[in-house]
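Work out the full structure, taking the sequences as your base and the hints as a guide.
In case it helps, this note's numbering puts the first sequence at residues 1 to 452.
Because the hints were derived from the structure by calculation, they are not lab data.
Hints are not guaranteed to be accurate.
[Unchecked claim] Cross-link-like lysine to aspartate or glutamate pairs, in silico, EDC-like; alpha carbons within 20 Å at most:
#1 Lys136 / Glu350
#2 Lys441 / Asp422
#3 Lys180 / Asp71
#4 Lys432 / Asp406
#5 Lys217 / Glu229
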Amino acid sequence: MSKPSLARGTRDFGPEQMVKRTFIFDTIRRSFQRYGFQPLETPAFENLSVLMGKYGDEGDQLLFKLLNSGDFSGKLTDADWHAGYKPLTSKISEKGLRYDLTVPFARYVVMNRGTLVMPFKRYQIQPVWRADRPQKGRYREFYQCDADVVGTESLLCEAEIVLLLHDILPQLGIEDFTVKINNRKILTGIADMIGAHGQEGTLCVAIDKLDKIGKGKVIDELRERNFSEESIALLDPVFSLTGGENPFADLRTWLATSEIGLKGIDELEQVWQMVDALGLKNARIQFDVTLARGLSYYTGAIFEVKANNVQIGSICGGGRYDNLTGTFGVPGISGVGISFGVDRIYDVMEELNLFPENQTISTKVMISNFDQQAFQYGLSILPKLREAGINTEMYPDSVKLKKQLDYADRKNIPFVILIGSDEISTGQLTLKNMKTGEQQKGTVEELIAVVQ
RNA sequence: GAGGUUGUAGCUCAGUCGGUUAGAGCGCUAGAUUGUGGUUCUAGAGGUCGCGGGUUCGAGACCCGUCUCCCUCCCCA
1 MSKPSLARGT RDFGPEQMVK RTFIFDTIRR SFQRYGFQPL ETPAFENLSV LMGKYGDEGD
61 QLLFKLLNSG DFSGKLTDAD WHAGYKPLTS KISEKGLRYD LTVPFARYVV MNRGTLVMPF
121 KRYQIQPVWR ADRPQKGRYR EFYQCDADVV GTESLLCEAE IVLLLHDILP QLGIEDFTVK
181 INNRKILTGI ADMIGAHGQE GTLCVAIDKL DKIGKGKVID ELRERNFSEE SIALLDPVFS
241 LTGGENPFAD LRTWLATSEI GLKGIDELEQ VWQMVDALGL KNARIQFDVT LARGLSYYTG
301 AIFEVKANNV QIGSICGGGR YDNLTGTFGV PGISGVGISF GVDRIYDVME ELNLFPENQT
361 ISTKVMISNF DQQAFQYGLS ILPKLREAGI NTEMYPDSVK LKKQLDYADR KNIPFVILIG
421 SDEISTGQLT LKNMKTGEQQ KGTVEELIAV VQ
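Written as structure tokens, this is what we have:
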């Protein structure tokens with residue numbers, strides 16, 4: 001018999017952690033609703049045909065796949081076993097755990113497009129699973145809180161996402177954060193400009209490391225990735241753009257011949273203007289040409305939020321995807337969304353000590369349990385307290401009072417009602433304040449008034 | 001997927017050069033206190049030293065494998 005253990009990269013959430021997590025969920029949900037988003041839930045697992053190919057090759061690798069039920073290997077031939085794991089997987093697994101909430105949402109939109117009110121704004125708060133290697137801030141099961149709008153290309157949606165971020169994070173006590181914004185169209189434009197059409201993905205992965213490893217090593221990496229010397233030379237101005245005073249103007253001059261690049265800049269500038277018109281003060285937004293994001297479905301704006309002064313990955317991420325529903329046979333539905341990573345937000349709040357105090361009290365009154373007679377009496381008053389809206393519990397066993405009080409103490413229950421033979425005969429119960437140790441007598445009704 | 005690191009009581013950790021019965025603090029249980037928690041004192045319980053194999057007269061310690069924790073890269077929330 002082996003000791004029980006948790007599956008790698010997963011965690012339990014005890015009562016005190018759940019109080020904190022619920023606080024985060026409630027805060028996010030409230031704000032989502034205030035911005036007009038409606039709730040949606042989708043299944044934990046989907047057909048692999050829905051999930052595969054949406055996240056790039058890396059993403060496909062990280063999908064948890066479910067073995068087919070029953071005799072999954074019965075019809076396999078020797079040739080199947082030796083064909084390699086990829087062809088084999090398709091023969092023994094046809095379902096997988098969801099990797100994010102956006103793709104299941106796209107499937108839902110396609111399946112229900114006839115009845116949805118467009119533009120459709122939905123929020124979704126559910127766990128997702130990734131077969132990643134766990135490390136700090138990285139789990140194999142974690143919650144995402146997504147808000148997406150589909151059915152409109154209006155940049156108001158992007159601007160509202162910026163507002164939403166500035167609404168929710170400070171409510172959680174996270175004041176020092178940076179919303180990095182870029183646009184895939186700009187990246188496409190840059191790749192075109194330097195004659196590396198379609199290579200913006202690898203280009204960005206390299207540029208993204210600029211502040212980490214420096215310009216020289218970025219260029220080394222680009223050479224390794226088969227970028228020509230001409231391309232690298234042409235790219236030079238981009239390195240100086242990242243910290244410029246007026247990055248849009250500089251970039252506009254440089255990208256003057258790239259239609260798509262200019263469109264990306266236009267879009268971003270409009271978002272900036274709208275955010276301003278919405279009256280956002282102290283906007284913590286920053287244009288970052290090097291922001292790439294690996295999810296292959298993004299086509300327009302890209303967002304990423306970093307909590308400053310905390311060593312952890314991004315706590316929110318999102319962007320616009322013009323053709324996600326296209327892979328399900330319905331092109332032309334543009335969408336944009338943002339995802340809050342609750343587990344990382346939790347870690348940030350824990351590290352910065354941002355959780356409100358005194359969130360753990362749930363029971364307010366405990367009724368003691370001396371003996372059979374007192375127990376019967378307790379049963380009669382227990383519902384009265386609850387009807388008065390007071391969280392109440394009765395100690396279930398007639399054990400020593402010391403033990404009962406110790407239980408109340410450790411559970412942070414502020415009041416205990418003591419019932420013994422004296423109390424039963426006079427109807428005057430004893431209320432003990434666990435914080436001060438003071439005791440007072442009174443009828444049930446009087447004590448309820450005191451506790452309320 | 002690549003690299004590094006860790007694992008001893010419920011928790012945090014000692015354990016010397018390979019040597020007799022593996023320790024501490026906290027926590028837990030009971031009592032001091034027959035109707036009163038937190039403080040104090042006393043006593044007690046609690047271990048397959050991650051798992052499997054090997055070296056040795058002898059392994060918690062050394063070697064190999066494996067799993068796990070944490071971390072870096074990749075990628076991501």
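To see whether the hints hold, each was checked on the structure:
1. Lys136 / Glu350: 13 Å, holds
2. Lys441 / Asp422: 11 Å, holds
3. Lys180 / Asp71: At roughly 49 Å apart (the allowed maximum being 20 Å), aspartate 71 and lysine 180 break the hint.
4. Lys432 / Asp406: Holds: lysine 432 and aspartate 406 sit about 13 Å apart, inside 20 Å.
5. Lys217 / Glu229: 14 Å, holds
In the structure shown, a violation is registered for the earlier hint numbered 3 alone.
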